[in-house]
Amino acid sequence: MSSPRAHEVLYESEATLRLVDSQLSELRHSAAAEPPRQPGLADLPGILERANTQILDVLSRLRQTRVAMQSSALDKIQTTHDKLKEVTTATEDAAINIMDACDRATQMVDVLDAIDAAPAPDKAKAAEVRGTLRDEIFMMMGALQFQDITTQQLSHASAVLVEMERRLDDVTRLFDTNIEAGIFTGGREYNASDSQTYDPNATTQNAEGRQALADEIFTAVKQPAA
Amino acid sequence: MKFLVVDDSATMRRIVINSLQRIGFNDTVEAADGQEALAKFDSTVKFVITDWNMPNMSGTEFTKVLRSRPDGAHVPVLMVTARSVKEDILTAMEAGVNNYIVKPFTPAVLKEKIDALLPAAAA
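So the protein lines, in turn, are chains S and L.
Quick note: the first sequence uses the numbering used here, first residue 242, plus one each step.
Quick note: the second sequence uses the numbering used here, first residue 30, plus one each step.
For the record, the hints were derived by calculation from the structure and aren't laboratory data.
It is possible that part of the hints are untrue.
[What the hints assert, rightly or not] Going by beta-carbon spacing under 8 Å, a handful of chain L positions derived as facing chain S:
#1 LEU119
#2 THR120
#3 LYS132
[Stated by the list, open to error] No farther apart than 30 Å at their CA atoms in a straight line, the calculated lysine-lysine pairs in the DSSO-like style are these:
#4 LYS75(L) x LYS115(L)
#5 LYS75(L) x LYS31(L)
#6 LYS140(L) x LYS366(S)
#7 LYS69(L) x LYS140(L)
#8 LYS115(L) x LYS364(S)
#9 LYS93(L) x LYS115(L)
#10 LYS115(L) x LYS317(S)
#11 LYS93(L) x LYS31(L)
#12 LYS75(L) x LYS93(L)
#13 LYS31(L) x LYS140(L)
#14 LYS93(L) x LYS140(L)
#15 LYS31(L) x LYS326(S)
No residue lacks a Cβ here, since even glycine has one placed at the ideal position from N, Cα and C.
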């Protein structure tokens with residue numbers, strides 16, 4: 242269920258609760274305004290029936306609210322969980338790639354040492370190993386791109402948490418308007434990252450496939466004049 | 030040839046600049062968002078490499094403004110971004126981007142895209 246729908250149900254529930262409150266106040270005032278009369282037992286079933294109808298209506302609205310909140314919240318929590326898991330995986334993959342490159346680089350340094358130690362150093366071989374060593378070092382640097390992507394994923398997860406906190410706050414205040422905003426954060430304001438600074442779909446996975454899609458689109462659509 | 034590298038991630042700027050140096054382009058200037066990039070852009074810049082998601086001014090907004098300037102109308106703009114859905118790629122093209130690299134990228138892809146746009150940069 243979409244967020245606007247959840248807000249709509251929340252709004253309707255709040256309106257119903259206010260209506261019940263208003264009617265109870267009305268009953269209380271009308272009872273006070275009417276000339277005192279012996280409370281008749283005959284009035285009781287009618288009052289109870291009206292109260293029952295209102296309570297059932299409120300419960301129905303609350304169930305709808307719960308379903309709306311559960312539906313949208315669970316989807317978002319699952320997405321956030323997946324993103325955080327991907328951050329862990331991307332970090333680990335990058336670390337392993339860098340360590341592997343370090344191992345290969347160390348072996349190449351050993352090879353270079355051996356070449357230098359030989360009575361007649363093979364300069365061509367040494368040049369080749371140095372070239373490969375530079376590639377490895379460069380590869381290590383490229384592996385650090387994960388940091389940019391995971392930053393975006395964490396910004397998205399943070400934005401979802403801030404939204405969840407605001408929703409919980411809204412629901413709490415729906416039941417008690419005397420409660421001040423920010424009950425879940427102890428009054429602290431948590432601001433999500435500017436949504437302009439991250440892509441909610443940012444991923445380290447399938448870069449080749451995604452690049453192929455971009456190339457296909459650029460080939461299919463005429464490029465603007467450079 | 031001077032390159033303008035625009036990205037809010039200092040790590041990414043460094044990776045792109047190192048990649049450029051590795052393929053022989055040592056003249057670079059960097060900016061952390063579109064606004065800073067516009068301030069640093071001048072007629073000496075012959076090639077722009079920009080991210081999309083940045084504070085203050087995004088890469089697509091920056092490209093649109095750049096295209097409206099006489100000195101930026103024809104400079105090659107290569108977008109390097111994590112965004113990779115079809116709609117995003119089309120939006121970038123509409124903004125005036127000349128080619129598109131999806132993060133994380135390899136140096137070979139960067140070189141291929143730059144090589145393809147070099148004739149335009151040299152013009």
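(message) Less than 8 Å between beta-carbons is the criterion; does LYS132(L) satisfy it with respect to chain S?
(response) Holds - the Cβ of LYS132(L) comes within 8 Å of chain S, reaching about 6 Å at its closest.
(message) Between the alpha carbons of LYS140(L) and LYS366(S), is the straight-line distance 30 Å or under?
(response) holds (26 Å)
(request) So, LEU119(L) near chain S? Judge it on the closest CB pair being under 8 Å. (result) It holds, given that the least Cβ distance between LEU119(L) and chain S is near 7 Å, below 8 Å.
(request) Given the hint that LYS69(L) pairs with LYS140(L), test it: the Cα-Cα distance must not exceed 30 Å. (result) holds (24 Å)
(message) Hint check: LYS115(L) vs LYS317(S), CA-CA at most 30 Å. Holds or violated?
(response) Given that 30 Å is the threshold and the Cα spacing comes to 23 Å, the pair holds.
(message) Check whether the Cα positions of LYS93(L) and LYS31(L) lie no farther apart than 30 Å.
(response) With Cα atoms ~20 Å apart, LYS93(L) and LYS31(L) stay inside 30 Å; holds.
(request) Quickly compare the C-alpha distance for LYS93(L) and LYS115(L) to 30 Å and report which way the hint goes. (result) Roughly 19 Å between the alpha carbons, so the hint for LYS93(L) and LYS115(L) holds.
(message) Quick check on the hint: THR120(L) CB to chain S CB, less than 8 Å?
(response) Hint on THR120(L): violated, closest Cβ of chain S at ~11 Å, above 8 Å.
(message) Checking one constraint from the list: CA of LYS115(L) to CA of LYS364(S), max 30 Å. Satisfied?
(response) violated (50 Å)
(request) Sort out whether LYS31(L) lies within 30 Å of LYS75(L), counting only the CA atoms. (result) holds (6 Å)
(request) Quickly compare the C-alpha distance for LYS93(L) and LYS140(L) to 30 Å and report which way the hint goes. (result) Holds - the C-alpha atoms of LYS140(L) and LYS93(L) are around 24 Å apart, at most 30 Å.
(message) What's the verdict on LYS75(L) and LYS115(L), does the C-alpha distance respect the 30 Å limit or exceed it?
(response) holds (28 Å)
In summary, the structure is inconsistent with hints 2, 8 and 15 from the numbered list given earlier, while agreeing with the others.
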